[in-house]
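Chemist: What follows is the residue order along each chain.
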Amino acid sequence: MKTQRFTDNSLFRFLMVILVPLAIILLVHFKAGNYYESILILFFINLILAASLNLTNGITGIFSLGQAGFMALGAYIGSILTLSESTKDTMVSKMPQWLKQFQLPFWAALIVAACVTMIIAGIIGFAILRAKGHYLAVITLGMVIVIKSVLDNASSLTNGSRGISGMTKYSTLPVVIITALISLFILYRFRTSAYGRSMIALREDEDAAASLGINHRTIRLMSFMISAFFAAVGGCLWAHLQRTIAPSLFYFDETFTILEMSVLGGMASLSGAIPGAAVLTFLPQLLANFSTGFTIFGIHVPQINGLTNIVTSVLFIIMIIFRKEGITGSSEYLVGTLFSSSTYTGLFRKQTYLDFAHAFTRKNRSEKNKGEPQ
Amino acid sequence: MSEVLLRVQELTQQFKGVLAVDHINMDLETGKIYGLIGTNGAGKSTVINMISGNLFPTEGQILYEDKPITHVPAAQRARAGIARTFQNLRLFEDQTVLDNVITASQITRTYTLFEMLTYMPRYRREEKEFAARSLQALQTMGIEQYASYQADSLAYAFQRRLEIARCLAIRPKLLLLDEPAAGMNPQESLQLVEDIRKIHQVHPEMTILLIEHDMKVVMNLCEYIYVMASGRMIAEGTPRQIYESEEVISVYLGGSAHRIGKQTAGE
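Protein sequences, first through last, are from chains A and B.
Following my numbering, the numbering of the first sequence begins with 1 at its first residue and continues without gaps.
Following my numbering, the numbering of the second sequence begins with 1001 at its first residue and continues without gaps.
Hint data in this document are derived by calculation from the structure and do not stem from the laboratory.
Hints are not guaranteed to be accurate.
Derived CB-CB ranges, DEER-like [what the hints assert, rightly or not]: (1) Ala1132/B x Ser342/A: 17 to 23 angstroms; (2) Leu1113/B x Phe356/A: 35 to 41 angstroms; (3) Ile182/A x Gln1139/B: 55 to 61 angstroms.
Glycine included, C-beta positions come from ideal geometry on N, C-alpha and C.
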């Protein structure tokens, strides 16, 4: 049977997955400037987007490239609902009067935007989910184009390609953290329930899943809709962080950025979204300092255009050679630790601390032994 | 006479000019073990695929509990109690052994999305029940000690048993086994015969249809045997009738029928 590993220790899990990240977040929030905080906010939004993509692409095995489209819908619907009447009047003067007057608080707008997007995804999914594999990937990519051109042309609602701006910055750090945690929690509940198991079964073998009574249409559609729901949540948060949106922002670039996060982190698990979003949110910001040129050991490196793209590509090639399944693979360690009760109940047991201490002393002893002659 | 669970009438399957199955008839009664034998390419697996709903027949009909199910999709048939294994293993390899079986036992799920998200008592109770029933199915097949292993890390014979355990977890009325002894050594297939016997003892009301190449397995287990050759049903009867049938001997069994026949008759 499975042996008890040190990484399963409740105290260790609590420290690494909850306490350390919490400390970093608090440090950034209170000590670092606005710039760092907005990067952290972006990370949590990307986390929601990548996790939502993992549900369809990794867990259910329906390879969708449509996430940016749903994100756009969420962003637009959310923004239109939170903007005040006067702002809408000056920016989108042709908007129907009832919609101009219709204003919701942020949380309500977020949920309405996500639900409407989910319904739209249901209608689209009903038609396109008959396709599989590459065909579905191309169709969903086409869907992104369709959504963009609708947003470009429905100028009485969206102000066309100029986009809309002037949203209040509702996406503060606490808001995105709470939303990200709730989103991950809901997705994790799906993953560990009968629905999640059906999704995985469909990914692994459709015929075998059917022979166990799993209805592939319902499950695939469900997965597609839930994924769209959280993509819209991410989009809506994103709109209220950037405070200005345009159709061109939700196009191939965004599609592939989310896909990169998902693949890099590990598509087959929700946990994969965490390292995936972390690497691809922080890395470009880090590299931005170097792309204007820098001096190393007295040698001046000139400005490199597209340094981020170069580094990301190299990273991808390395990943594909050495760890095809992504950073986390199919392990749910990170999200599992966050939401399983054993992490917290374990803290109240004496044995946890004994094991933790024991692991350290054992390690030290073995290191000492190495140095001593036998 | 017990009642007929599955009735296959004039079942035909045509693949682009090839007549894979040619107007066959079968009656399977509740609680018996049936065998379906035949040479390679005789159409045995096609028959199973049509009964399980993975393939729809071009002609003829299938009655299950006196209701026509000819064009009912596979998932719905599984819910009605038809379980099957596959000729080539079809496990969820990435999952643990237990999860493989739970994926099957959750067929009885009644909790809703809302109850799942809010962790309601019914959700917790049913999830517990799925796990318990899955362990029971693993116990029946004697592989409960591997529950936490990843499915593809098991030895081949155990993977075969896992596939059968997965079928048992949906509590089938009709169990279709597509060459369960394929690729097993004689000792392992002997063990398999014991396992299937055990299943029959534990679930006497379950009807089993066994496709098999290994004559020892079929002659040992089955109460009634159907013989197919190039898409047609050439003979049916008890094991004794089959090995005595001239036509079967000439088409399929050859010398081995007499040898095995004598062995079983001698017992």
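Chemist: Confirm or reject the claim that alanine 1132/B and serine 342/A have a C-beta distance inside 17 to 23 angstroms.
Modeler: 20 angstroms, holds
Chemist: Against the range 35 to 41 angstroms, how does the distance between the Cβ atoms of leucine 1113/B and phenylalanine 356/A compare: consistent or not?
Modeler: Holds - the Cβ-Cβ distance for leucine 1113/B and phenylalanine 356/A, about 39 angstroms, lies within 35 to 41 angstroms.
Chemist: Can you tell me whether the CB distance of isoleucine 182/A to glutamine 1139/B sits inside 55 to 61 angstroms?
Modeler: 39 angstroms, violated
Violation of the numbered hints given earlier is confined to hint 3; every other hint is satisfied by the structure.
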